[in-house]
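Starting from the given sequences, assemble the full structure and let the hints guide the process.
Using my numbering, the letters of the sequence shown map in sequence onto residues 764 to 1204.
Derived from the structure by calculation, the hints contain no laboratory data.
No residue lacks a Cβ here, since even glycine has one placed at the ideal position from N, Cα and C.
Any given hint might turn out to be false.
Lysine to aspartate or glutamate pairs mimicking EDC-like chemistry, simulated, CA-CA at most 16 Å apart [said to hold, decoys possible]:
(1) Lys-1029 to Asp-1000
(2) Lys-958 to Glu-921
(3) Lys-1070 to Glu-937
(4) Lys-1070 to Asp-874
(5) Lys-1029 to Glu-1051
Simulated restraints, written as ranges between beta carbons of each label pair [stated by the list, open to error]:
(6) Arg-1141 to Arg-1114: 16 to 24 Å
(7) Arg-833 to Leu-1181: 33 to 41 Å
(8) Glu-1148 to Gly-837: 54 to 62 Å
(9) Leu-1181 to Glu-1148: 20 to 28 Å
(10) Arg-1096 to Arg-833: 25 to 33 Å
(11) Arg-1085 to Lys-994: 42 to 50 Å
(12) Glu-986 to Asp-851: 41 to 49 Å
(13) Ala-1123 to Gly-885: 47 to 55 Å
(14) Gln-1019 to Glu-1056: 47 to 55 Å
(15) Lys-958 to Arg-1032: 44 to 52 Å
(16) Ser-1111 to Pro-1052: 33 to 41 Å
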Amino acid sequence: MELLVIGLSHRTAPVEVRERLAVVPTDTESYLRAVTALPGVKEAALISTCNRVEIYAAFSDGPGALAALREHLGGRLPTGSPAQIDLDRHLYRRIGREAVHHLFRVAASLDSLVVGEPQILGQLKESFETARRHGTAGQVLGFAFPHAFRVARRVRRETGIARQPTSVSSVAVELARQVWEGFEGRQVLLIGAGKMGDLAARSLRASGANVIVTNRTAARADELAARLGCKAEPFTDLPALLTAADIVITSTGSRQPLLLRSQMEKVQRARRGRPLVIIDIAVPRDVEPQVGELEGIFLWDIDALQKVAAENLGDRRVEADRAEVMVEEELTRFVASHRGRGVGPTISALRARFAAYARAEADKAIQAMPTLDERQQRAVHLMAESLANKLLHAPSVALRKAGAGDDPDALAAAVQQLFDLPGTDGLSEGPGGADKKDAES
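This is how it looks when you write it as structure tokens:
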């Protein structure tokens, strides 16, 4: 089996496409089970964040698995929608070495909206643990994902990419500063209990703002408010809360917009045109795009945050370049390690076969000599075992050397055929390369 990734991100698709493919946490288990039931797909992990929706899969049939996964993703779009027609333009597909390279870059936050942000590593770990918990992660994902985590830790340890930590939430605060020069005494309304909203609210509160939390699930609002040291208000009071707010940060898991233009028109009338900053970090979006057309409302969604993040890359660009070199080094190390790992099952199977032969022949010899005592019987078994090990030494060394070469599978396949060994599966470097229709540079 090999590794593939198929998906889209903020680099290849606008938020109106990403939000249609996003998966809420409560649907993850059923989603993974549906993916692993597709033809050719053996393992699967899903990452669905505000910036990307990606399926990492181990497969036995590359073209078949890719076609099935493409069909699965397309099935989440409304029939005849422009987004469905353009899906292939937004999707990227990577196999083998290129899929691993992509995974390493994502883990190291080199593919993030804000390069160097720390949240993506936690999201990847959660994605992998979810797949393991639901039984959809096996040997291939179990080898690739932990290595990606090690790559991310090395990048953060040996470069300055995370120096002066920046995140989506910090960019959101910077955007709010374009309207409100200072936050002292400003009223901030946090809708939802998402991590990004939590971080943005903490930053604003540290700058002197008053924060109020509301959420459809009152218990989660109370819990977050307690952590932030602020108040929680009932979600049913949302219109009044919006009227009193200066800044709204929304980050929920709702599949449909929570703030509609018709609703916000009434709110603005009650506010008498007072400026209102709305930062919509959610995907799918919590705020209807037309809300931004209303006078006095400054609306930014996740794609607007991307533009600011790109402008703020600055000194981290040099550190990002250093991190790219490290990712390449780790990829080379990973491939070499996996090549050696690939012949391991063949060596184990060969040794098991010879050990079985040795035991069987020793048992026959002992049966033919019924006068042997227990010590002599052990000596016969040890002699047979020793002979098998000596015969296997040279083939084992040759297989390990082949495992580190350019064609690790050829000798292993020959040995499997010569000794009638069971075939073994594993992640190979693969034919590699991005799909010709890859929309990401």
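Results of checking the hints against the structure:
Proposed proximity of Lys-1029 and Asp-1000 is supported: the alpha carbons are some 14 Å apart, at most 16 Å. For the hint pairing Lys-958 with Glu-921, the CA-to-CA distance comes to about 27 Å; that exceeds 16 Å, so the pair is violated. Annotation: proposed proximity of Lys-1070 to Glu-937 holds, straight-line Cα distance about 12 Å (limit 16 Å). With a C-alpha separation of about 14 Å, the suggested pair Lys-1070 and Asp-874 falls inside the 16 Å cut-off, and the hint holds.
Pair hint Lys-1029 plus Glu-1051 holds up; C-alpha atoms about 15 Å apart against a cutoff of 16 Å. Distance hint check for Arg-1141 and Arg-1114: the Cβ-Cβ separation is about 20 Å, which falls inside the suggested range of 16 to 24 Å. A hinted range of 33 to 41 Å for the beta carbons of Arg-833 and Leu-1181 is consistent with their spacing of about 40 Å. Evaluation of the 54 to 62 Å hint for Glu-1148 and Gly-837 yields a pass: the beta carbon distance comes to about 57 Å.
Against the hinted window of 20 to 28 Å, the Cβ-Cβ separation of Leu-1181 and Glu-1148 comes to about 21 Å, which satisfies the hint. Evaluation of the 25 to 33 Å hint for Arg-1096 and Arg-833 yields a pass: the beta carbon distance comes to about 32 Å. Checked against the given bound of 42 to 50 Å, the beta carbons of Arg-1085 and Lys-994, roughly 45 Å apart, stay inside it. Range check, Glu-986 to Asp-851: about 42 Å between beta-carbon atoms, so the 41 to 49 Å window is met.
Between Ala-1123 and Gly-885 the beta carbons are some 53 Å apart, a value that agrees with the proposed interval 47 to 55 Å. Distance hint for Gln-1019 and Glu-1056: a CB-CB separation of about 19 Å, inconsistent with the stated range 47 to 55 Å. Lys-958 and Arg-1032 have their C-beta atoms about 34 Å apart, which leaves the hinted 44 to 52 Å range violated. Checked against the given bound of 33 to 41 Å, the beta carbons of Ser-1111 and Pro-1052, roughly 58 Å apart, lie outside it.
Hint compliance for this structure: hints 2, 14, 15 and 16 are not met, and every other hint is.
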